[in-house]
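Take the sequences, apply the hints, and build the full model.
What follows is the residue order along each chain.
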Amino acid sequence: MKIGDLSLPEILKKTTATQGLCFDVGAFSIRLRSTHKNFIHTFHKLYRDFPVITDDQLIDFHIDMVIANNYRRWIKPQIIARIDGQQPFQAFAATHAMPLFEWALNWSIARLGQHYLMLHAAVLERHGKALILPALPGSGKSTLSAALAQRGWRFLSDEFCLVQPIHGQIVPIPRPTPLKNESIAVIRNFDARVFIGPLFEKTRKGTLGHLRAPTASVDCLKQTAAPAWIVFPQYQNQAEVLLEPLSKSAAFLKLASNSFNYTLLGATSFNLVKTIITNCDCYNLSYSNLDDVIAQLDVLSDNAQ
Amino acid sequence: MRNKHHTSGQTLLLACLKNPERLTELSSSQWSLLLRMARACKLIAHFAGLIEQYTLSYCVPEKISNHLIAAQAIIAYRQRMAFWELNRLQRALTQCKTDIIVLKGCAYLLLDIPFAKTRVFADIDVMVNKSIINTIEQSLLAQDWHALKLNDYDQYYYREWMHEIPPLCHRLREMEVDIHHTIIPPTSALCPDPSLLFHDAVSLNVDTAFKVLSPCDMVLHSAVHLFFDSELNNKLRDLVDLDQLFRHFSTDNTTFFASLLARATVLGLQRPLYYSMRYTHRLLNTPIPKDILQASQTMAPVLPTRLLMDYLIPIALLPEHPDETSLTVAVARWLLFIRSHYLRMPLALLIPHLARKSLMRLIPSKNLN
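Here the protein sequences come in this chain order: A and B.
Sequence positions in the first sequence follow my numbering and run 1 to 305.
Sequence positions in the second sequence follow my numbering and run 1 to 369.
It is worth saying that the hints were derived from the structure and are not from the lab.
Keep in mind the model is a prediction, meaning the values are calculated, not measured.
Cβ atoms here follow ideal geometry from the backbone N, Cα and C, with glycine treated the same way.
Mixed in with the good hints, there may be bad ones.
Calculated cross-link-like contacts (lysine to aspartate or glutamate; reagent style EDC-like; alpha-carbon spacing at most 16 Å) [as the list claims (entries may be wrong)]: (1) A/202 - A/182; (2) A/180 - A/201; (3) A/37 - A/10; (4) B/63 - A/56; (5) B/63 - A/55; (6) A/2 - A/55; (7) B/117 - B/238; (8) B/63 - A/24; (9) A/222 - A/49; (10) B/42 - A/84; (11) A/222 - B/62; (12) A/45 - A/5; (13) A/13 - A/55; (14) B/211 - B/200; (15) B/357 - B/154.
Quick list of the computed label-pair ranges, beta carbon to beta carbon [stated by the list, open to error]: (16) B/154 - A/128: 54 to 64 Å; (17) A/18 - B/59: 25 to 35 Å; (18) B/21 - A/270: 33 to 43 Å; (19) A/13 - B/292: 53 to 63 Å; (20) B/59 - A/270: 27 to 37 Å; (21) A/239 - B/53: 56 to 66 Å; (22) B/27 - A/18: 10 to 20 Å; (23) A/38 - B/293: 52 to 62 Å.
In structure tokens, the structure reads:
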């Protein structure tokens, strides 16, 4: 059963009950509890295709989104994320519960997901092979991965590239993509069929809108993929598409320094990054037009067939 | 032993700590519960160690096993950082030519006590002779370590009333170094003579100039730390430390417990030893011989205190289920919090200290010195 198979009142009934709503996002399972109707409304739409699981299954993270019980309750209510009884962040305005929930989930993964090598990268897959797009700030990674996901590439992740140390496989976690500022309009214009949730103004990263992952991608939640390409994208105004091969040594350093837990995992991560780099073709990519860059990446994938 | 005061999560946690074979019988929801309880008291990696020791990995669900691996990875990282910090300290202090005793977690690691590999620890604790502590501090400050507590009152408080100087940290690293001159604040009612601890400290057989406390003193330090220098809140893992140290040092040494009783008397640390034996035995089934438990009765407090502590200590030590907090626990913890402050400082010092701290919280911008 998917979250979207339940009506909003049914979902609310679950999230307000002690057992909460338990669901699977691929690499992790989550129990969510909240009485905040507007938030659950948005959540219901953005997480529509994720499977509901029963509460007797193993849950990785327990997240409660609670209306703060303070004097502002009736004027400007605030929301708190409680993770396994802890409250790691300051309260947000209750209207911004969705970004806070996503942030709480990121925090949980970054802190407790140490059984994976965690690269800061978007991941897509085509013909069984995975493309890693490591994120450098301002590179346009989210926009590019969102566009690829609308053009036949399977979307595995926008933020965390989770690599299993044993097999070197990437585990999907196709959560909503947070699109920022101009990217929102760019993706809307690129494909009118996309679903983007309500816009949140004045967040730390400006205006934020969450893009729902394609249904087909969420349906393959448990299907891992082997990395085949590492492409470091760089959006450049008016630039023609340029896909330049990158030396393995340079790619190693760029990839390792872009990891959340490279230092923490020590020898494990060194060996894993080495294997990934050995098995992948590595490129620097500059682009401006999304259709052009997708055509180029499609060729890359077709040639590997 | 099922205790009616314990919640189902606490009963499960204790049962699995006492008898790891219980892990083979857990349902999915019990594993979930155990994981949450173990996380709440930072014992996930300890369970990973037990599972390895009892070769039980075949019964562990994949998701749980992921959490065990993750917890072990974090600890392995902290340990690498700690050994590196010790290495740097040794190099920085070769000029000082004095005994430096490594305490607690790092000492267990240097001694290769098995449970140390899965033990969470935050910082490095060392002890040096009080006469040389200023020289050592100056030497480290000159070599790029810096003090973490910068507020003047905090500085003063540490130097005047504490058994350690303000924590230091190297400019390029995150590992905090606490330098002590004894094992308990000098304001406390207990006052073990540090020179006795230095006298019995043992050199290590490995390539290090550091020493560690003797086995008896190591246990007593852990006991003092838990029962006389902490609030006991959610400190089950400190009790697990004591349990593991008891087990480790009494293996192949039948007279260990007898020497421990004798040593506690010499150092005036009977009460913390009594509590350690009583609660490790009660909560974790630590194998302490009957005659030793009997003999430790002479170190017990008066009956009303004993009954009160028997009630309060398990409540405070055991983690609560993250979804369920209770008023009883809050009250028990509050009482033990008051006790911990009272034990660390006479009231004549404590009241002005707490008053000043509260005032400083109210007017954070003003420096009251």
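Hints, one by one, checked against the model:
Of the pairs offered as hints, the one joining residue 202 of chain A and residue 182 of chain A holds, with about 14 Å between alpha carbons and a cut-off of 16 Å not exceeded. Between the alpha carbons of residue 180 of chain A and residue 201 of chain A the distance comes to roughly 10 Å, so the proposed pair stays at or under 16 Å and holds. With a CA separation close to 12 Å, the supplied pair residue 37 of chain A and residue 10 of chain A stays within the 16 Å bound. Distance restraint check for residue 63 of chain B and residue 56 of chain A: the Cα-Cα separation of roughly 13 Å lies within the 16 Å cut-off, and the hinted pair is therefore satisfied.
A distance of roughly 15 Å separates the Cα atoms of residue 63 of chain B and residue 55 of chain A; the hinted pair therefore holds under the 16 Å criterion. Of the supplied pair hints, the one linking residue 2 of chain A and residue 55 of chain A holds, its CA atoms being roughly 15 Å apart against a limit of 16 Å. Distance hint between residue 117 of chain B and residue 238 of chain B is fulfilled; the C-alpha atoms sit about 15 Å from each other, no more than 16 Å. At roughly 12 Å between alpha-carbon atoms, residue 63 of chain B and residue 24 of chain A fall within 16 Å of each other, so this suggested pair holds.
The hinted pair formed by residue 222 of chain A and residue 49 of chain A meets the criterion: a straight-line CA distance of about 13 Å does not exceed 16 Å. Of the supplied pair hints, the one linking residue 42 of chain B and residue 84 of chain A holds, its CA atoms being roughly 13 Å apart against a limit of 16 Å. Only pairs whose Cα atoms come within 16 Å are accepted, and residue 222 of chain A paired with residue 62 of chain B is accepted, the gap being roughly 14 Å. About 11 Å separates the Cα atoms of residue 45 of chain A and residue 5 of chain A, which keeps this hinted pair within 16 Å; it holds.
About 14 Å separates the Cα atoms of residue 13 of chain A and residue 55 of chain A, which keeps this hinted pair within 16 Å; it holds. Taken as a hint, the residue 211 of chain B and residue 200 of chain B pair is honoured in the structure, with Cα atoms around 10 Å apart against an allowance of 16 Å. Between residue 357 of chain B and residue 154 of chain B the alpha-carbon distance is near 10 Å, which keeps this suggested pair within the 16 Å criterion. Between residue 154 of chain B and residue 128 of chain A the beta carbon distance is about 59 Å. The supplied range of 54 to 64 Å therefore holds.
Checked against the hint of 25 to 35 Å, the pair residue 18 of chain A and residue 59 of chain B passes, with Cβ atoms roughly 28 Å apart. At about 37 Å, the CB distance of residue 21 of chain B to residue 270 of chain A agrees with the hint of 33 to 43 Å. The given range of 53 to 63 Å is respected by residue 13 of chain A and residue 292 of chain B, whose C-beta atoms sit roughly 57 Å from each other. Taking 27 to 37 Å as the suggested C-beta distance range, the pair residue 59 of chain B and residue 270 of chain A conforms, at roughly 32 Å.
A C-beta distance of roughly 59 Å is found between residue 239 of chain A and residue 53 of chain B, which places it inside the suggested range of 56 to 66 Å. With their beta carbons about 18 Å apart, residue 27 of chain B and residue 18 of chain A fall inside the hinted range of 10 to 20 Å. A beta carbon spacing of about 60 Å between residue 38 of chain A and residue 293 of chain B agrees with the range 52 to 62 Å that was offered as a hint.
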